[in-house]
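Novice: Now for the letters of each chain:
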Amino acid sequence: MKRKTFSKIFILVLIFAASLFFQSLICFCENTNSGIENFYRANFLYEQTQYTEAIKQYEALIEKGLVSANLYYNLGNSYFKKGDLGKAILYYERAKRLAPRDIDLESNYAYARSLIKAKITEQRPLWFVHITGKLFAKLTMDELTLFIFFLYIAIVSSIILGLYLKFMKPYTRFLLIIFGIMLILGVFALGARICCHYADAIIVKEAEAKFEPFERGTTHFVLSEGMKVSIRSSKDGWAKVKRIDGKIGWVNQSFLERI
Amino acid sequence: MNKLKINYLVCILLLGVSLCYADDVKFEVTTDKDKVSLGQSVKLNFSFYGLQNIPAPQAPQIENFQTRYLGPSTRVSIINGKVSSSITHTYTLLPFKTGAFTIGPFSVNYKGDVYASKPIQLEVVEGPLEELPWSLDREQEAELKDRIFLVLEVEKTNVYLNELVPLTVKLYVQNLTVRDIQYPQFKREGFSMEEFQEPRQYQQVIGRVLGGVLYDVIEFKTNIFAIKTGKFMLGEAQLSCNLIVKKERRKRQRSRAQDFFGGFFDDFFSGDAFEDFFAGYETYPLTLESAQIPMTVVDLPREGKPAEFDGAIGDFKFELEAGPQELKVGDPITLRMIIEGEGNFNTVRSPQLSSQEGFKVYDPQATLKDNKKIFEQVLIPTTENVKKIPKITFSFFNPKKENYETIAKGAIAIKVAKLEKEEGFRMVGMPGVELTPLKEEILGRDIAYIKESAGKLKRKGAYLYKNKGFLLFQAIPLLTLVVLLVTHKKRERLKTDIPYARWLHAPKKARKGFNKAKALLESNNAHAFYEVVFKTLQEYLGDKLHLPTGGITASIVDDILEPKGIAQEILKILKEIFSECDMARYAPSEFSQIQMLGSLEKLEEIINYLEEQKL
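Protein sequence lines correspond, in order, to chains A and B.
Going by this note's numbering, the first residue of the first sequence is number 1, and it counts up by one from there.
Going by this note's numbering, the first residue of the second sequence is number 1001, and it counts up by one from there.
By construction, these hints were calculated from the structure, which means they are not laboratory data.
Please note: incorrect hints may appear among the correct ones.
[To be verified] Derived CB-CB ranges, DEER-like: (1) B:R1459 <-> A:G191: 19 to 25 Å; (2) A:I181 <-> B:K1369: 56 to 62 Å; (3) B:P1199 <-> A:I181: 30 to 36 Å.
Positions of the beta carbon are idealized from the N, C-alpha and C atoms, including for glycine.
Produce the entire structure from the sequences given, and follow the hints as far as they go.
Specialist: Rendered as structure tokens:
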């Protein structure tokens, strides 16, 4: 008697949770079309080479809380045409997070970056970070999350199959090792991605990085417009940033914008 | 262990059998028929009686026959308790020639013993072919060689170095089915060969006009040219194909009328479709060889060799075109030198300008079309003083006329204009020849155009890894896994741990007995009722304490349950119920329904108590 009720409750919980999951997924994937007219108006303005007006329209859409890769891309283009390289790269970076496999975006991003004044060679991160970063570079954060999720399901189901199907037993360990390694890599990459997500910023105006978070501090190095930095900490409107070559200094937060 | 023993036993038995019968081994060679028509095969059987494990002897080499191993067949028979075994290795014989033949004697050497057979007679006749009208007056031996053969032909045998010689390989087939014909190959020391053209197929009569034989001919054509001087043997050409031989030919009585229609009916009834259905056929791989051809290669004559001669051999025409003919200094002129004709184009090299003065000259580009080689060369005049493109001569050796020929074309007049001052002189490269690096191609660089559609709009900052529903869902697979693991563990334990299984199932069984007793109570059957109550109690206690059910009596109350710290009241009730059961079962005393109800309640009380105590 007791066991039957237990299994019934268990199945109910399962169904409930599954429905919750799909509901959330549906909500998540839902297309919102309110405010789409801003986008088309902005495209028209861009065609008329009225880039400042176009930017206003695009940004109005963002203020409504709606974003898309194409929107960021078009904003990047508008800023680029206006001559604002820092902002252009900022928006290309934002677009890249949503559409890492877009060819137009890649080419524009590469071109914009080639226009950055100071050429600084990048300090290579640790090999492990580098490889995992490269491995999943072409996946968006959501795709990566789903990838990890499916690996997790695969691990659970291979354990269960190993328990109940005798012929699966010899392969279970092998499968578990493979899925496990992939899962670890995926989780690591996702972690790194989330870290970068909040730390990375783009210099929007040419700035000087100082040794101390004060205006009177000695200048340590120069940050050109469009450069990518990662924010370590911040204090009184100053951010401690690390340049791609590894140099660290303080810069006024008004010169940079988080991606 | 047991299996191993049995294996040994079988081995020893088998060894015994083979040893037993090794003494009276008989070897016999037989054919399935003693008369066969040309084109048909005969089965040759090597039978060993009293042996089963002798391997197939190598296919015997018999003159005028092709042999092929078909396979073994073994037989064991027991007659009146006497065991006899035999193995027969079967070969097929395909005769190449008509006549009477003696095959064998054969001898086989096996494990030191030599087995010999008697020779056998086999007659090969022309078979049904004799009936064909044109073969009636033929007396000579018909050989397979006459019905399928290969001929290698060249147009001439005395050739010059590098001269192109047409070569033909012909396959003649008469009234045989041949398949899977490969391209011929031949030894060609000192010669280089072009690829074979598509083979041509036609029919040809060989021999006298009336007595001639009609052959199907497959002709392969190509060109060869000598690369060394000296005397060489060309060939022999080899060609592989498969001969299709009918296994059983249906014997047909042919009337004169059928003879009249001759080939038509023959072809019709022996068509492939009929063969496939009614008669099996066998495939024999056949390699045909042609005769050799002696070749003599000589060098080109020294005398009369023009200075411009550059090795070209053949019969050619030479044309020259140039354009544009009016241009400015630095503009390119394209020369087209067309060499057309028959000969070895490998030897044809670009004709040379007699003078390069006033021009910058680029290397020519050659294109070869059938019987035409075109050289395109770019010239750029460097001064306006150039008035013509100089003469171009082309020399070649004509092997038909056996002399050298020279054709001169040009000069072609051109008008070269001066450059206007501001233009300045610049050398224009030949289009397509000079490599332009990709970077140079980009005239202006700009970003790609904006996207026309907004794409998938989503809430800013909405990421799947932050989605609560998604995160909550992660618990489900884990929960499922835990539940399944626990149930699996439990099931495994139930399988192996019998006391546990009994302990676990005791209350369920007790519940069943209780319900049964309740039903009996309602029907007022005291005897059966107490029987059930007693049994239920016995089984319950037996399962719980892991004791044999039959041994549970009132005595266990003192012996086992009391030391376990069971309350005295319960022990008392247990004793009461046991005694009530005994009374009801063995003494014919009457029990009222109320008493029975009391007993049932007692039973329930005991079970509930013991369940609570988790005995």
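Novice: Is 56 to 62 Å respected by the C-beta to C-beta distance linking A:I181 and B:K1369?
Specialist: 60 Å, holds
Novice: Between B:R1459 and A:G191, is the Cβ distance one that fits in 19 to 25 Å?
Specialist: Holds, since B:R1459 and A:G191 (Cβ atoms, about 23 Å apart) stay within the stated range.
Novice: Taking the CB of B:P1199 and the CB of A:I181, does the distance hold inside 30 to 36 Å?
Specialist: Violated - the Cβ-Cβ distance for B:P1199 and A:I181, about 59 Å, lies outside 30 to 36 Å.
The earlier numbered hint that this structure contradicts is number 3, and it is the only one.
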